[in-house]
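For the record, the sequence lines run as chains A and B.
So for the first sequence, the numbering used here puts the first residue at 1; every next one is plus one.
So for the second sequence, the numbering used here puts the first residue at 1; every next one is plus one.
Please note that the accuracy of each hint is not assured.
No distinction is drawn between identical chains; accordingly, a pair holds when it is met within one copy or between any pair of copies.
Said to hold, decoys possible - Calculated pairs, DSBU-like style, for lysine-lysine (alpha carbon to alpha carbon, straight line, at most 35 angstroms):
(1) K241 x K291
(2) K65 x K314
(3) K227 x K106
(4) K106 x K291
(5) K314 x K291
(6) K241 x K227
(7) K241 x K219
(8) K219 x K65
(9) K314 x K90
(10) K227 x K35
(11) K65 x K277
(12) K219 x K106
(13) K106 x K35
(14) K90 x K227
(15) K241 x K277
(16) K241 x K106
(17) K34 x K106
(18) K35 x K241
(19) K241 x K47
(20) K34 x K291
(21) K277 x K227
(22) K106 x K277
(23) K277 x K90
(24) K291 x K90
(25) K277 x K35
Derived by calculation from the structure, the hints in this document are not laboratory data.
Number of protein chains: 2
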Amino acid sequence: MDICAGIDIGGTNTVIGLVDERGEVLCQRILDTKKFPDPEVFVAQAKAMIDDCLNDCSRENPALKGIGIGAPNGNYYTGCIEFAPNMPWKGVVQLAELFRSRMNVKTTLTNDANAAALGEMLFGGARGMQNFVVITLGTGLGSGFVVNGEVLYGHDGFAGELGHVIAVRDGRLCGCGRRGCLETYASASGIVRTMREWLDNSAQPSPLRSLPDDELSSKTIAEHASKGDPIAMEVVDYTAKTLGRALADMVCITSPEAIFLYGGLAQAGSLLIVPTKNYMEENLLNIFRNKIEILPSQLTSTAAVLGAAALAWKHV
Amino acid sequence: MDICAGIDIGGTNTVIGLVDERGEVLCQRILDTKKFPDPEVFVAQAKAMIDDCLNDCSRENPALKGIGIGAPNGNYYTGCIEFAPNMPWKGVVQLAELFRSRMNVKTTLTNDANAAALGEMLFGGARGMQNFVVITLGTGLGSGFVVNGEVLYGHDGFAGELGHVIAVRDGRLCGCGRRGCLETYASASGIVRTMREWLDNSAQPSPLRSLPDDELSSKTIAEHASKGDPIAMEVVDYTAKTLGRALADMVCITSPEAIFLYGGLAQAGSLLIVPTKNYMEENLLNIFRNKIEILPSQLTSTAAVLGAAALAWKHV
């Protein structure tokens, strides 16, 4: 039977899965991305895992028909990972071509947020939607736009860099070299930066002051905010305000039906979603008010692999 | 032979034209929009003009197959003009339905900026492009986005309201009721507001001070800037900076190949385009730098009708 592989590449882990035509994950393996500074060695190891999965697979005569990859800074048009700041590979890596030549099957690559959007559309909360956005709130802020039922790649494959719209003119220094990008405020690392700044600039007591530096995370901030710690609540509110305002501007351009939040910071759930929605509504042009839902993603880690596999199935 | 009508509705004039399948305008009439506070009377008059055109038409047995309309606040999905601030008709006007019932042909409506984008794609500077934006710099700032070769309507038909992204937080009061919208700075009326503010707040001599109030326009400002008047040059530069920054943010979302400027303020040509491009580049995320052209629209007034007619031909 025909099978596709979905590969979800992250700066820390890479998840590889075999997926059948109905979206069932038949077999899954995890790879430690950081251990492979040489992308050729990474691909060799991924191949070994896929072969291993094919042997293990419960189906008769599994035939690998295609590979789909979601990766940070992945470019759909070129099949390359280009200048990804949090990956072990520097510069431009022709990852789709490396897989294609080694595995001898069609390989399609896109960025991780676009793969998440495909996953959300096929197997998550966006089933049946033609216009929506998935926002990944991890170390950075990624976004995958679906318009007219298709992923928006733009002219060069790089559309959907919502994390780099300017939220605060001349604001925080971003990994991209510019200042004030949305992701320096609204992301798992952005909320930690806000908390550190606010703790430094106030004398207000907070149990967060006594946490070791490496335990200050979007998770601990959300926990303390939900327990009523005033400074943590203010930090969540500020994050929601910055994100909500940027979403109101984004809606003016693409007018989506729904916005899905995914990733580390999104796990704060309604604690973040409710004020973000309020700030977005407060800032929306009247024609867009009370129309757009902000929802938690329904993707699990399996679904990121499903999103990548969906890309492969689309091209087989 | 089969013919479609293209109708370009503006707050002041409405242009009606008959267009054949190859994009030739066979006949054209102009209607004074402001004289028709009742949309039903407007449609009756437009019908008389179309019938008149069909009689005048040089082709044998012209058969009207469809009508396409471009109008401010026109909604593609509903066929309505909805709450257009500069039109004689208030609230929601079911204009496509009015034409359909009276003329008995399929009628399709979209907003004027989307019609301009269709015209630019079929008959203007965007021929062959799959991802671009047309920005109309008139009384307001309108925008029509083409992605993957299709007009971006969004979930509710209102995508492409770039004029209402916030350029200056808590800035100028906008016709939409909010503050700081891009169109209050970057439009034919926005640049006049800037000039008035700057003349009021400085004592710098300028020949623009002696102009009667109703002669201060984007045209006279551009003329004086090109003659070297320092305050006019600064005002153009500020307008370009505000627009260039907003374009840099927009590019992050849709990644277009080119941005076309159309309408009154765009007639300033390279005087506006060169600094706008420089400010956009200065603010772009590195992956987008030196890729995106800002170009003057190649649409004439005829082409606005052609854009509306293109919409009709698409649906016949």
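Evaluated hints:
1. Taking identical chains as interchangeable, the C-alpha atoms of K241 and K291 lie at most 35 angstroms apart whether they share a chain (19 angstroms) or sit on different chains (32 angstroms).
2. Taking CA atoms no more than 35 angstroms apart as the test, K65 paired with K314 passes inside one copy only; the shortest distance there is 11 angstroms, against 37 angstroms between copies.
3. Taking the closest pair of Cα atoms, K227 and K106 never come within 35 angstroms of each other, the shortest separation being 50 angstroms inside a single copy and 59 angstroms across copies.
4. Within a single copy, K106 and K291 get their C-alpha atoms only as close as 40 angstroms, which misses the 35 angstroms cut-off; across copies the closest is 29 angstroms, which meets it.
5. In the homo-oligomer, the alpha carbons of K314 and K291 lie at most 35 angstroms apart both inside one protomer (31 angstroms) and across protomers (29 angstroms), since each shortest distance falls under that limit.
6. Taking identical chains as interchangeable, the C-alpha atoms of K241 and K227 lie at most 35 angstroms apart only when both belong to the same chain, with a minimum of 20 angstroms there against 45 angstroms between chains.
7. Only within a single protomer do K241 and K219 lie at most 35 angstroms apart by alpha-carbon distance; the minimum there is 19 angstroms, versus 39 angstroms between protomers.
8. In the homo-oligomer, the alpha carbons of K219 and K65 never lie at most 35 angstroms apart, since the shortest distance is 40 angstroms inside one protomer and 61 angstroms across protomers.
9. In this assembly of identical chains, the alpha carbons of K314 and K90 lie at most 35 angstroms apart only when taken from the same copy (29 angstroms versus 46 angstroms across copies).
10. Taking the shortest alpha-carbon separations for K227 and K35, neither the intra-copy value of 38 angstroms nor the inter-copy value of 63 angstroms comes in at or below 35 angstroms.
11. Taking the shortest alpha-carbon separations for K65 and K277, neither the intra-copy value of 42 angstroms nor the inter-copy value of 45 angstroms comes in at or below 35 angstroms.
12. Neither within a single protomer nor between protomers do K219 and K106 lie at most 35 angstroms apart by alpha-carbon distance, with minima of 39 angstroms and 56 angstroms respectively.
13. Taking the closest pair of Cα atoms, K106 and K35 come within 35 angstroms of each other only inside a single copy of the chain (26 angstroms); across copies the shortest separation is 62 angstroms, beyond that limit.
14. Proximity of K90 and K227 under a CA criterion of 35 angstroms is satisfied in neither setting, with 42 angstroms inside one chain copy and 50 angstroms between copies.
15. Taking CA atoms no more than 35 angstroms apart as the test, K241 paired with K277 passes in both settings, with 9 angstroms inside one copy and 30 angstroms between copies.
16. Taking the shortest Cα distances, K241 and K106 never come within 35 angstroms of each other, neither inside one copy (43 angstroms) nor across copies (45 angstroms).
17. Within a single copy, K34 and K106 get their C-alpha atoms as close as 26 angstroms, which meets the 35 angstroms cut-off; across copies the closest is 59 angstroms, which misses it.
18. Taking the shortest alpha-carbon separations for K35 and K241, neither the intra-copy value of 38 angstroms nor the inter-copy value of 45 angstroms comes in at or below 35 angstroms.
19. Proximity of K241 and K47 under a CA criterion of 35 angstroms is satisfied in neither setting, with 45 angstroms inside one chain copy and 50 angstroms between copies.
20. Proximity of K34 and K291 under a CA criterion of 35 angstroms is satisfied inter-copy only: 32 angstroms between copies versus 42 angstroms inside one chain copy.
21. Taking the shortest Cα distances, K277 and K227 sit within 35 angstroms of each other inside one copy (21 angstroms), while across copies they are farther apart (49 angstroms).
22. Proximity of K106 to K277 under the C-alpha cut-off of 35 angstroms is found in neither arrangement, the shortest distances being 41 angstroms within a copy and 39 angstroms between copies.
23. For a Cα distance limit of 35 angstroms, the shortest separation of K277 from K90 across copies, 30 angstroms, qualifies, whereas the shortest one inside one copy, 37 angstroms, does not.
24. Taking the closest pair of Cα atoms, K291 and K90 come within 35 angstroms of each other only across two copies (22 angstroms); inside a single copy the shortest separation is 42 angstroms, beyond that limit.
25. For the identical chains of this complex, K277 and K35 are neighbours neither inside a copy (40 angstroms) nor across copies (43 angstroms), given an alpha-carbon limit of 35 angstroms.
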